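Protein chains in written order, with our numbering: chain E, 1 to 335; chain R, 1 to 325; chain U, 1 to 302.
Hints were generated in silico from the structure; no laboratory data involved. None of these values were measured; they are calculated from a predicted model. Keep in mind that the hints are not guaranteed to be accurate.
Straight-line C-alpha distance at most 25 Å; calculated SDA-like pairs for lysine to any residue [unchecked claim]:
#, chain 1, residue 1, chain 2, residue 2
1, E, K271, R, G311
2, E, K46, R, R267
3, E, K193, R, L195
4, E, K271, R, E203
5, E, K271, R, T183
6, E, K193, R, D179
7, R, K32, E, P269
8, R, K149, E, G280
9, E, K72, U, G206
10, E, K72, U, M136
11, E, K72, U, L137
12, E, K271, R, G216
13, E, K193, R, L51
14, E, K193, R, K292
15, E, K72, U, A209
16, E, K193, R, E240
17, E, K207, R, G262
18, E, K193, R, S43
19, E, K207, R, Q266
20, E, K207, R, G261
Chain by chain, the residues run as shown.
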Amino acid sequence: MDRGGSAQPLLLARDLRKHFPIAGGLLGRATRVVRAVDDLSLSVEKGETLGVVGESGCGKSTVARLLMRLIKPDRGTMVLDGDPVDQPHGITVNELRRQVQMVFQDSYASLNPRLTIVETLAFAPKAHGLPSAEARARSRDLLAKVGLDPVHFADRYPHELSGGQRQRVNIARALALRPRLVILDEAVSALDKSVEAQVLNMLADLKSEFGLTYVFISHDLNVVQYLSDRVMVMYLGKIVEIGPVDAIYSDPQHPYTRALLSARPSMDPRKRTREAPIQGDPPNPIDPPSGCRFRTRCPFAEGVCAKAEPLLTDTGAQEVACHMRIKGSGHTRAP
Amino acid sequence: MSNLLSVQDLHVTFVTPDRTVHAVNGVSFDVKRGETLGILGESGSGKSVTLRSILKLHPEHRTRWSGSIKLEGDEVLGMTGGALADLRGSRVSMIFQEPATAFDPVFTIGHQIAETIKRHTGKSESDAWKRARELLELVHIPSPAQRLKAYPHEMSGGMRQRAMIALALSCDPSLLLADEPTTALDATVQIQVLLLIRELQRELDLGVIFVTHDIGVAVEVSDRIGVMYAGKLVELGGVEQMVDAPRHPYTRGLLASTVHGGMRGQRLEAIPGAPPDLAEPPAACSFAPRCKYAEPKCLAAPPPLTAATEGHLVRCVGRIDTLAT
Amino acid sequence: MAIQSPSLDLGGGAGVRATPAAQVRGYWQQVGRRLRRDPVTLVCAVVLLLIVASALAAPWLGLADPYKTSMIRRLYPVGSPNHLLGTDELGRDMLSRLIHGGRLSLFMGVTPVVCALLIGGLLGITAGFMGGRVNMLIMRIMDVFYAFPSVLLAISLSGAMGAGAENTLLSLTLVFIPPICRVSESVTTQVRGFDFVEAARASGAGTLAIVRVHVLGNVLGPILVYATSLISVAIILAAGLSFLGLGVKPPEPEWGLMLNTLRQAIYVNPLLAALPGVMIFLTSICFNLMSDGLRAAMDVKA
Numbered sequence: 001m002d003r004g005g006s007a008q009p010l011l012l013a014r015d016l017r018k019h020f021p022i023a024g025g026l027l028g029r030a031t032r033v034v035r036a037v038d039d040l041s042l043s044v045e046k047g048e049t050l051g052v053v054g055e056s057g058c059g060k061s062t063v064a065r066l067l068m069r070l071i072k073p074d075r076g077t078m079v080l081d082g083d084p085v086d087q088p089h090g091i092t093v094n095e096l097r098r099q100v101q102m103v104f105q106d107s108y109a110s111l112n113p114r115l116t117i118v119e120t121l122a123f124a125p126k127a128h129g130l131p132s133a134e135a136r137a138r139s140r141d142l143l144a145k146v147g148l149d150p151v152h153f154a155d156r157y158p159h160e161l162s163g164g165q166r167q168r169v170n171i172a173r174a175l176a177l178r179p180r181l182v183i184l185d186e187a188v189s190a191l192d193k194s195v196e197a198q199v200l201n202m203l204a205d206l207k208s209e210f211g212l213t214y215v216f217i218s219h220d221l222n223v224v225q226y227l228s229d230r231v232m233v234m235y236l237g238k239i240v241e242i243g244p245v246d247a248i249y250s251d252p253q254h255p256y257t258r259a260l261l262s263a264r265p266s267m268d269p270r271k272r273t274r275e276a277p278i279q280g281d282p283p284n285p286i287d288p289p290s291g292c293r294f295r296t297r298c299p300f301a302e303g304v305c306a307k308a309e310p311l312l313t314d315t316g317a318q319e320v321a322c323h324m325r326i327k328g329s330g331h332t333r334a335p
Numbered sequence: 001m002s003n004l005l006s007v008q009d010l011h012v013t014f015v016t017p018d019r020t021v022h023a024v025n026g027v028s029f030d031v032k033r034g035e036t037l038g039i040l041g042e043s044g045s046g047k048s049v050t051l052r053s054i055l056k057l058h059p060e061h062r063t064r065w066s067g068s069i070k071l072e073g074d075e076v077l078g079m080t081g082g083a084l085a086d087l088r089g090s091r092v093s094m095i096f097q098e099p100a101t102a103f104d105p106v107f108t109i110g111h112q113i114a115e116t117i118k119r120h121t122g123k124s125e126s127d128a129w130k131r132a133r134e135l136l137e138l139v140h141i142p143s144p145a146q147r148l149k150a151y152p153h154e155m156s157g158g159m160r161q162r163a164m165i166a167l168a169l170s171c172d173p174s175l176l177l178a179d180e181p182t183t184a185l186d187a188t189v190q191i192q193v194l195l196l197i198r199e200l201q202r203e204l205d206l207g208v209i210f211v212t213h214d215i216g217v218a219v220e221v222s223d224r225i226g227v228m229y230a231g232k233l234v235e236l237g238g239v240e241q242m243v244d245a246p247r248h249p250y251t252r253g254l255l256a257s258t259v260h261g262g263m264r265g266q267r268l269e270a271i272p273g274a275p276p277d278l279a280e281p282p283a284a285c286s287f288a289p290r291c292k293y294a295e296p297k298c299l300a301a302p303p304p305l306t307a308a309t310e311g312h313l314v315r316c317v318g319r320i321d322t323l324a325t
Numbered sequence: 001m002a003i004q005s006p007s008l009d010l011g012g013g014a015g016v017r018a019t020p021a022a023q024v025r026g027y028w029q030q031v032g033r034r035l036r037r038d039p040v041t042l043v044c045a046v047v048l049l050l051i052v053a054s055a056l057a058a059p060w061l062g063l064a065d066p067y068k069t070s071m072i073r074r075l076y077p078v079g080s081p082n083h084l085l086g087t088d089e090l091g092r093d094m095l096s097r098l099i100h101g102g103r104l105s106l107f108m109g110v111t112p113v114v115c116a117l118l119i120g121g122l123l124g125i126t127a128g129f130m131g132g133r134v135n136m137l138i139m140r141i142m143d144v145f146y147a148f149p150s151v152l153l154a155i156s157l158s159g160a161m162g163a164g165a166e167n168t169l170l171s172l173t174l175v176f177i178p179p180i181c182r183v184s185e186s187v188t189t190q191v192r193g194f195d196f197v198e199a200a201r202a203s204g205a206g207t208l209a210i211v212r213v214h215v216l217g218n219v220l221g222p223i224l225v226y227a228t229s230l231i232s233v234a235i236i237l238a239a240g241l242s243f244l245g246l247g248v249k250p251p252e253p254e255w256g257l258m259l260n261t262l263r264q265a266i267y268v269n270p271l272l273a274a275l276p277g278v279m280i281f282l283t284s285i286c287f288n289l290m291s292d293g294l295r296a297a298m299d300v301k302a
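Only chain E is shown next, with the shape it has when bound in the complex (with noise of 0.2 Å):
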C-alpha cells in the first residue's frame, strides 16, 4: 500500500484550522469562538511515532479529530501518502479512515456496552464489506495478538472487562482495519502505571509487527519522551515547539516547554521542586491573547510579543515558534 516511498511523508497537514462557535446573544447567533486549533501544520513520517504534547486548551484532541476527519476543518488540506484528501482528485474521507485509525482515551466510554468484544471487533470490518465469518475470525486473530485469550474474552460484554483489557480491545479495533498510522489520544493516560507498562510494551511490538506509524499524544512528558520519535509541543492551539525527541528533551527552546519538563514531579526526595516553573492555570481558547499566544504567562514577554505572532523557525536541531530564537525580531534577546 505504500506508494511514496520512504521520504514521502505518510500524513501531511497544512493551515489547519478549526473554530468552534460558541452560542450566545439572542437569536443563539454565535458570538465567540474557540479557537480550538489555528494556522496547524505537521508531517508525520513513515514508520515514526510523533508525540504531541500539550495541556488542556492546546488542542492537541481537535488536532487528532482533524487528521481523522472526524470533524472537518474550517481551513486547511492534507494528503495522505501523496493523495490528497476529501479533493476531487484525492481519496474520500471513507479511504482515508481505512489506512489512519484511532484510540480513544475513556475505554469504557469508547465500547459499546451492549455489544460483545467479538462483534464490536468485527462491527468495522463487516461495514466494509468483509463477510461475516471473515470479519468474526479476524476479530479473534486481532485479540490473542493484543495479549486476550479469544476463548475467554470473544463473547464478554464490555463491563465485565477492567480498564487495562478494554483498552487492549480498542487498540485491536483500531487495527480491524490494518491502517497505517494509528493515532493514539490519551490512550494510556487513565491506565494504572503497571498497566500502562504492559499496553505500552504491546504497542511496540505492534508497532514492529504490522509496520504502523503512531501518533502519539499525551499529557504525561515521560511517557512521550520513552515511545517517541519526534516531540511536538502545543499551546492554545499552535505549535510552540516541535523537532527529534532528544533536541526537545535535552534543550528546549521555548519557556513553555521549559515550564512544561520543569513541571514534572522529581523523583528523588532530596531534590523536590522549590518553585512553580510558572503560574496559573492554562487560559481558554475563547479569545486567546494577541500576537504569541504564551505571553501572558512568559517571563520573557515584552512589547514585540504582543504585536507579532513568531513564526516556526528552524534553529538548528528543532524549530521554535518565540521571538527570542527568531532573527531580528525586535526581542531584546532575539539573535
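Dock chains R and U against chain E, hints included.
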C-alpha cells in the same frame, strides 16, 4: 509527640446482594502533626477506601468496618450522627480529585466557605466572610475579594482546587486528607498545588494523608510513604528509604515500570497479571501470583508486616535480597 | 482460596491473561434477573396479569351479560346474591361490566402509547441522530404541541373530531407523540455523543449501520421506560374523556364512562360508584410501579 491519627488493623468490607468486596484487609499506620504520609497504590488497592473510612464516608447499610481509627484519642469508627458531623470539616477535612463536584454550583465560593465556618465555629456572618477572604489569600488566589463572589463554574480548574483547599482549611482542622487532588490537573497546575499543600502543611502544622497513584507526586509531598496492594499495606517507610531501597517486590515493580525518559529504547519491566479479585479475604500473600521472587511459603499464609530496618516495614517473607534479580 | 488464575503466564509482556469476573450474561438478561428479584415489580406484574387475563377472557368467564339491563334490580349493593359487586344504575351486573370494561379501557390505554412510540420514537431518534436543521425542524414542531397541557389538548382534539372510541385513540396518540419524541431525541443526542459512536464513525461505517448496531440498542431502553409510564396516563386520560362524554359512547362498558353514569349513585351507594375508579387506580399504579422497576433494573452500572 503523640499521634494525631492512629489506625489499627482496619478492615472494610462492602456487602451488596450482588457481591462482597473485601476492600481493606488489616491496615495499620500512624500520622503525627506536621508530617505527610503518602499512600501509594493502584486502582483496587484500597487506598481511597482507607482514606474515606477515616471520616466514615461510606454508606452505613452496606459497609462493615472493624478495627480502630483514633483521632487524638477519640474512636472514629464508633461515632455516628452528630459527633461524626462535628468531626468532619472541623477536626478532619478532605479534598477530592474533582473540584468541580466538591462545590455546589448554585452558591458562590464565599457563601459556601462562610457557611461551613458558621456551622462549625458559630462565628457571625461578617466574621465568617472575613475569614473566608483570609483563606483565599492563604491559598494564593489572586483578587480574593472578587473571587468570594464568584461561582464555581466561573473559575479555572486550578483555581477551584485552591478554593477547595481553602474550604477544607476553613475550620482549622488538624488533619487534612487528600484523595488524588492533583490527578485531574494539568502538569503546570499540579506542581503549583503540590507546592501549596507543602507550604500550608508547614505553616499550619497539619497532618496530611495524601493518596495518589503517581510515584513522582508521592515523592514530592510525602515524608513517609506507604504502598498498598489488595487492601493491605505492603511497605511503609521514610520517603528516601522507599525510593533508594524498596524492599517489597511490588514496590520495586512499581518503580521499575514507571516510565521515564531514561528507559528509551528498552522494554519496560511490566508487572505481569492483574490485581486479585477481592471477593474473598486473602488467605496468603496477595501479590504472590505476580511475584518473580515467589516461593512456596508465600502461598501458605498471609505474611505479616515486619520491620526490615528502623522505621521501614515490609510485608514479605521471601528473601528478595538474597536472590539474583 | 485467594490465589487467582493458575494459568497465569508469569513471563510478563503482551501475553498476559487474567480471568475476568464471574460469568455474566447479556444486558437484557441481567435486567430480567433484577426485575424478577424486585418484590414490588413482581406483585404489580401479577396484578396486571390478572386484570389483563380476565379482560381478555371476559366472554368465556361465565359472567352475566354486561348489557342486560333490569329496571327492578338497580343499584344493588356489593355482596348481593347473584351480583358479587352489585348492579349499576341500569341494573347491569357490575362485576361483569368491570371486567368487560377492562378490555376497552386497557385497549384505549395501551394502543395510543404503542402508536405514539412508533411515530414519536422514529421522529425523535431521527432528530437526535441527524442534528442540525432536521433536528430543529422536528423539535420546533413538537414544541408547538407541547405548549398545550395534555388534558386540554386531548379534550380539544376529541371535541373537534367528535366522540367515539376511534377518535379518542387518534387524539390520545397525537397527545403522546411530542413527549415521546422529546425523550427519544434527548436520549439519542446523548448516545450519539458517546465515544463508541464516534469510534464507529471513525471506522468508516455507513450511517444506517451505525444507527442500527450502536444507537438503537442503547436508546430503546430509556424510551421504553418512559413509554410504559405513559400507559397509566393514557388510561386515565381515556377514562377522563369518556367521563366527559367525549370518548366511548354508552352502552359500552368502560371504566371512565361508568364513573360518569354512576355519578348519581354517589349518595345512594358510594362504594358502587367508586368501583370503576378503583380499577383505574389499580391498573395505573401497577403500570407506573413496573415502569419504575424497569428503570431501576436498567440502571445497572455493572
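(message) Checking one constraint from the list: CA of K72 (chain E) to CA of L137 (chain U), max 25 Å. Satisfied?
(response) holds, 24 Å
(message) Does L51 (chain R) sit within 25 Å of K193 (chain E), going by the straight-line distance between their CA atoms?
(response) holds, 21 Å
(request) Quickly compare the C-alpha distance for K271 (chain E) and T183 (chain R) to 25 Å and report which way the hint goes. (result) The hint holds at about 22 Å.
(request) Take the C-alpha atoms of K271 (chain E) and G311 (chain R), compute the straight-line distance between them, and say whether it is at most 25 Å. (result) holds, 22 Å
(message) For a C-alpha distance cap of 25 Å, please report whether K193 (chain E) and D179 (chain R) respect it.
(response) Measuring from Cα to Cα gives roughly 17 Å; hence the hint holds.
(message) So if I understand the rule, the pair passes when the alpha-carbon distance is 25 Å or less; does K46 (chain E) with R267 (chain R) pass?
(response) Distance of about 22 Å is within 25 Å: holds.
(message) Run the distance test for K193 (chain E) versus L195 (chain R): straight-line Cα separation, threshold 25 Å.
(response) Judged against 25 Å, a Cα distance of about 23 Å means the pair holds.
(message) Hinted pair, alpha-carbon criterion (25 Å max): K207 (chain E), G262 (chain R). Please report holds or violated.
(response) Roughly 21 Å separates the two Cα atoms, so the pair holds.
(message) Does G280 (chain E) sit within 25 Å of K149 (chain R), going by the straight-line distance between their CA atoms?
(response) Roughly 20 Å separates the two Cα atoms, so the pair holds.
(message) Run the distance test for K207 (chain E) versus G261 (chain R): straight-line Cα separation, threshold 25 Å.
(response) Answer holds: K207 (chain E) to G261 (chain R) is near 19 Å, not above 25 Å.
(message) Does K292 (chain R) sit within 25 Å of K193 (chain E), going by the straight-line distance between their CA atoms?
(response) Within the cut-off at roughly 18 Å; holds.
(request) Measure nothing beyond the straight line between the CA atoms of K193 (chain E) and S43 (chain R); if it is 25 Å or shorter, mark the hint as holding. (result) OK: K193 (chain E) and S43 (chain R) at ~10 Å, within 25 Å.
When each numbered hint is compared with the structure, no violation occurs for any of them.
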